[in-house]
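S.K.: So the protein lines, in turn, are chains Z and Y.
Numbering of the first sequence is given in my numbering, commencing with residue 1 and proceeding in unit increments.
Numbering of the second sequence is given in my numbering, commencing with residue 1 and proceeding in unit increments.
Derived from the structure by calculation, the hints contain no laboratory data.
The structure displayed is predicted, hence computed values, not measured ones.
Any given hint could be a false lead.
Straight-line Cα separation of at most 30 Å, DSS-like style, residue types lysine-lysine; simulated pairs [stated by the list, open to error]:
hint	chain 1	residue 1	chain 2	residue 2
1	Y	K81	Y	K99
2	Z	K204	Z	K124
3	Z	K445	Z	K467
4	Y	K90	Z	K445
5	Z	K305	Z	K445
6	Z	K60	Z	K84
7	Z	K467	Y	K81
8	Z	K237	Z	K254
9	Y	K90	Z	K305
Residues from chain Z that keep clear of chain Y, each with C-beta distances beyond 10 Å, as calculated [unchecked claim]:
hint	residue
10	R94
11	Y209
12	A238
13	H279
14	D293
15	D302
16	K467
17	D471
Using N, Cα and C, we set each Cβ at its ideal position, and we do this for glycine too.
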Amino acid sequence: MAVELSLMARLLAYEQRCSQPISSHRLVAVRLDAQVLSVLAMAGEDTTIHMAACGELGAKPSLRSVPDPRVRDQQYQLFEWLGKRFDNYFRRCRAAGTYPQIWVSSSAAASHLDTLADRLRFNKNNDEVRRFGELLTYCTERFPIAGQQTLQTATSALNLHWITGQDQSEDEHLLTLLTWLDPPNDQNLLAAVANAERVPMGVKTDPDYDRDVLLPLVISYNESRRAGSSQALLDAKAQLIHNALEPVVIPIFKATQRAIAMLADIARPPLPGLRDLEHREAEEFAGFMEARDRGYHLPLRDSAKLAAFRLTAREDAIQNTEATIRLGDRMARAAGRLNGFVVRGEVLDRGRSRLAPRRFRYEFSMSTVQRVLRIRLRDELQWADDPRLRVIVTDINRSGRRTSIRCEILNGQRSIGLPEIGTVLEMIPSTPDWSRLIRERGNLKAKLGVTPWTHAQGEIPVLAARKAPDDPLAAVEALR
Amino acid sequence: MSGINGRQQIADEAVRSVLRTQYDGITALRLDSPPGAGKTGVVERLAVQSMASFDERCMVVTETNEQAFDLSRRCATYFPKLPFTLMVRKTLRVPEGLKQIPNLNVARSSGDVPRGPCIVIANARKWSWSDVGHFDSQIIDEAFQLPDYGFHQVAGMADRFVLVGDPGQIAPVVTCEIERWRCDASGPHVPAPSALIARHPDVLRMSLPMSRRLVADTVRFVQPAFYPQLPFEALSLDGERRLLTRAAGGMKLDRLIELAEAGASVVQVELPSLITGEVDEQLSDSIVEMISRLLVRGAFIQDEVGERPLLPSMIGVACAHTSQVNAVRERLPPHCGDVLVETAHRFQGLEREVMLIHHPLSGRADADSFHLDAGILCVMMSRHRVACFLFARSGIEELLSRHAPSGDRVLGSQNDEEFEGWRAHRSILERLRHEHRIIAV
Numbered sequence: 001m002a003v004e005l006s007l008m009a010r011l012l013a014y015e016q017r018c019s020q021p022i023s024s025h026r027l028v029a030v031r032l033d034a035q036v037l038s039v040l041a042m043a044g045e046d047t048t049i050h051m052a053a054c055g056e057l058g059a060k061p062s063l064r065s066v067p068d069p070r071v072r073d074q075q076y077q078l079f080e081w082l083g084k085r086f087d088n089y090f091r092r093c094r095a096a097g098t099y100p101q102i103w104v105s106s107s108a109a110a111s112h113l114d115t116l117a118d119r120l121r122f123n124k125n126n127d128e129v130r131r132f133g134e135l136l137t138y139c140t141e142r143f144p145i146a147g148q149q150t151l152q153t154a155t156s157a158l159n160l161h162w163i164t165g166q167d168q169s170e171d172e173h174l175l176t177l178l179t180w181l182d183p184p185n186d187q188n189l190l191a192a193v194a195n196a197e198r199v200p201m202g203v204k205t206d207p208d209y210d211r212d213v214l215l216p217l218v219i220s221y222n223e224s225r226r227a228g229s230s231q232a233l234l235d236a237k238a239q240l241i242h243n244a245l246e247p248v249v250i251p252i253f254k255a256t257q258r259a260i261a262m263l264a265d266i267a268r269p270p271l272p273g274l275r276d277l278e279h280r281e282a283e284e285f286a287g288f289m290e291a292r293d294r295g296y297h298l299p300l301r302d303s304a305k306l307a308a309f310r311l312t313a314r315e316d317a318i319q320n321t322e323a324t325i326r327l328g329d330r331m332a333r334a335a336g337r338l339n340g341f342v343v344r345g346e347v348l349d350r351g352r353s354r355l356a357p358r359r360f361r362y363e364f365s366m367s368t369v370q371r372v373l374r375i376r377l378r379d380e381l382q383w384a385d386d387p388r389l390r391v392i393v394t395d396i397n398r399s400g401r402r403t404s405i406r407c408e409i410l411n412g413q414r415s416i417g418l419p420e421i422g423t424v425l426e427m428i429p430s431t432p433d434w435s436r437l438i439r440e441r442g443n444l445k446a447k448l449g450v451t452p453w454t455h456a457q458g459e460i461p462v463l464a465a466r467k468a469p470d471d472p473l474a475a476v477e478a479l480r
Numbered sequence: 001m002s003g004i005n006g007r008q009q010i011a012d013e014a015v016r017s018v019l020r021t022q023y024d025g026i027t028a029l030r031l032d033s034p035p036g037a038g039k040t041g042v043v044e045r046l047a048v049q050s051m052a053s054f055d056e057r058c059m060v061v062t063e064t065n066e067q068a069f070d071l072s073r074r075c076a077t078y079f080p081k082l083p084f085t086l087m088v089r090k091t092l093r094v095p096e097g098l099k100q101i102p103n104l105n106v107a108r109s110s111g112d113v114p115r116g117p118c119i120v121i122a123n124a125r126k127w128s129w130s131d132v133g134h135f136d137s138q139i140i141d142e143a144f145q146l147p148d149y150g151f152h153q154v155a156g157m158a159d160r161f162v163l164v165g166d167p168g169q170i171a172p173v174v175t176c177e178i179e180r181w182r183c184d185a186s187g188p189h190v191p192a193p194s195a196l197i198a199r200h201p202d203v204l205r206m207s208l209p210m211s212r213r214l215v216a217d218t219v220r221f222v223q224p225a226f227y228p229q230l231p232f233e234a235l236s237l238d239g240e241r242r243l244l245t246r247a248a249g250g251m252k253l254d255r256l257i258e259l260a261e262a263g264a265s266v267v268q269v270e271l272p273s274l275i276t277g278e279v280d281e282q283l284s285d286s287i288v289e290m291i292s293r294l295l296v297r298g299a300f301i302q303d304e305v306g307e308r309p310l311l312p313s314m315i316g317v318a319c320a321h322t323s324q325v326n327a328v329r330e331r332l333p334p335h336c337g338d339v340l341v342e343t344a345h346r347f348q349g350l351e352r353e354v355m356l357i358h359h360p361l362s363g364r365a366d367a368d369s370f371h372l373d374a375g376i377l378c379v380m381m382s383r384h385r386v387a388c389f390l391f392a393r394s395g396i397e398e399l400l401s402r403h404a405p406s407g408d409r410v411l412g413s414q415n416d417e418e419f420e421g422w423r424a425h426r427s428i429l430e431r432l433r434h435e436h437r438i439i440a441v
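Construct all of the structure, not just a fragment, from the sequences and the given hints.
M.R.: Here it is in structure tokens:
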């Protein structure tokens, strides 16, 4: 999104006390079988889950808590429970040839799952916990990849479609974001936002609540446990902890469900390329599950080779996602015009010149008054309305605010032909190429089959020395 | 050896040492070069030495096609008796001028590449997709622009490596999220020479000691701010290269031209404080006005070669954003069409006699990592041979004080790019202020 557009929309939202739409299409997939997951960690214990709420879209959550997640066996039971749900869900998706989709409230929740995944997948004591860690790893490793549909945070998904009048970082609080999106009728918006801010929406409980309510309950439970109290007493105390956590996790779960419902019911058509993004997601998922079957290790740190594969995939995902959205979404196209990635101009003249008996050069000039242009000589552009028309920029002339761009047709002279004089064209730098990643991976596989010494540990190879002339510089200069 | 001949000897001796490493059987060499130190000249000589003296197959890797074109043109022109090969993809348009060079062969398929001793020039991407056999030596030009995962894809193609580059310039462009590798000093996003050293600290490191482009006055600004670990000097003597004018001037901007005439190669124009965002119309007007003043006053360059008038093609304008570039371009009068106005990224590797710079922090309310990036300011301030005029809104010092680096450090990494940028910006500004080179208009 161009800075000008988002700033304008944000100011408008602030002035009107109402969020503003910033897309013409729905940009994320909402799977009907998606799972909503809300977890609470214990304060100071970043690799724990104190309570988890898990459920399908529109359904009530299944809740599971542990009295003290620092007690390993109890914590493992919760992981096993979650792992089983994940495993079943992943199996169903695999059988259907689709992909899993997990929704969490915000990037804080996604980050917590990432930490957990890194920890759990190396668990040597419990196979089910390790399996849960591996499946979670799939979601968290997809998360940073542009256009991915597997691990969705409600805040990011909403922010792709609406802009609020508050600071961008404040949008990470799901309930305040929802308050902007769906303001209460009977209340001042900013007051409602201030109220919403008090409700925990991440993965931690409120520190005051921790100190005053949760901590005494956990201490009491542990004292009873250490004193060898009866199971009935321990269960009762565990239930008290469960009861204390439930009112914290349920609003997060409900807010996430509300966000998904807003996206599912949005009155905008799905992005034309969304199906391609989902198809890519299903391919990646199938590949991951196949690798699990083969027992491939999921390392904590990447080797140079694996890093090259991963970075290539990420760069490809960015290119394809940007191109897909720019091609399909009118707001993104407008942003492209503002930041110069899309060139909109009117055809001024056109012509055909003979190069050889049966070879012609088709050229046309277009004029634009766009202030920002990111084109230069020899750039290749495609017509946004029909990308079969591909041109190369052969000349750029700026005169005041008007820029004239000379283009030669590389592709599409037969299927589309020279554009009519007066036609307004929108040219884009690229269109999505969904087979590129397959080619890239094939090439990397061949190129990185043997790791060169430069990218491996070990000694630097020694080469034989030669006798040098007295003045090697003079020897080279003599060759001029 | 303080005279020009002595300095030239030092510069030549450094090149000799680099060439000698190839005789000594050094497997890999990282050659750090300050701006304008003649690294492309070293690349040419290394390639020629490999093919002509050792009968080897030598591959030269550039980052972009444009760099490959430029290097091919230089090699083939300066060594007209030797054959060179430029390798490009089948559909790429090659500039007509290159096709006319008789000793330059344009290869579009692997079959076009010589099997025997040769010098083949191509960009890293093309190399990574090519299958043209094994090479004896690999020379990477502008190696700090090549991310390590790009180097990895071509590293298996040769036995010997020379990575030549400027460590102070803009880091490789990697657009995707790289949090996963941030703590890895040899991560895939890291510039190839840095990653190689992180993996193999014993790799030989050398540096070029003289900048042929920058004058001594500029080096005093640029070296401590951007190259604290890479000492270098200017090849030209103090006052040897100057900007002079034939007519006097009485306008506000003329004061800066007079400072430059007096030998101040870096001066800053300061407009009243204003938050403008990316595009600052008034600042763009001032930049264009300065170009006009230089041309109207008959500015000329006096240097080692002699005297010659300052032409629009000898002037460059560098901006941080494309929108700023366009704001300046649309104001240029028709007779200034040859003034090169570009972003810092596209100015890498280029030089002009006089540079005018839209300061990256000018008119901003915040100082984020992009605008603090030391590489951007370094590129901007190291393109000129004679004079550099910085254009900024006042208040940058206060901005830097308000936005001290966040200190977001990564476990296991000694780099703090935000702090380095912040420090470099402060260093430049303090020096300019201390030497009374900031003129308010």
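S.K.: Each hint should be assessed against the structure and marked as holding or not.
M.R.: Do the hints match the structure? See the list:
{"no.": "1", "hint": "K81/Y - K99/Y", "result": "holds, 17 Å"}
{"no.": "2", "hint": "K204/Z - K124/Z", "result": "holds, 27 Å"}
{"no.": "3", "hint": "K445/Z - K467/Z", "result": "violated, 39 Å"}
{"no.": "4", "hint": "K90/Y - K445/Z", "result": "holds, 23 Å"}
{"no.": "5", "hint": "K305/Z - K445/Z", "result": "holds, 9 Å"}
{"no.": "6", "hint": "K60/Z - K84/Z", "result": "holds, 18 Å"}
{"no.": "7", "hint": "K467/Z - K81/Y", "result": "holds, 25 Å"}
{"no.": "8", "hint": "K237/Z - K254/Z", "result": "holds, 26 Å"}
{"no.": "9", "hint": "K90/Y - K305/Z", "result": "holds, 28 Å"}
{"no.": "10", "hint": "R94", "result": "holds, 25 Å"}
{"no.": "11", "hint": "Y209", "result": "holds, 29 Å"}
{"no.": "12", "hint": "A238", "result": "holds, 37 Å"}
{"no.": "13", "hint": "H279", "result": "holds, 20 Å"}
{"no.": "14", "hint": "D293", "result": "holds, 25 Å"}
{"no.": "15", "hint": "D302", "result": "violated, 7 Å"}
{"no.": "16", "hint": "K467", "result": "violated, 7 Å"}
{"no.": "17", "hint": "D471", "result": "violated, 7 Å"}
In this structure, the earlier hints numbered 3, 15, 16, 17 are contradicted, and the remaining ones agree with it.
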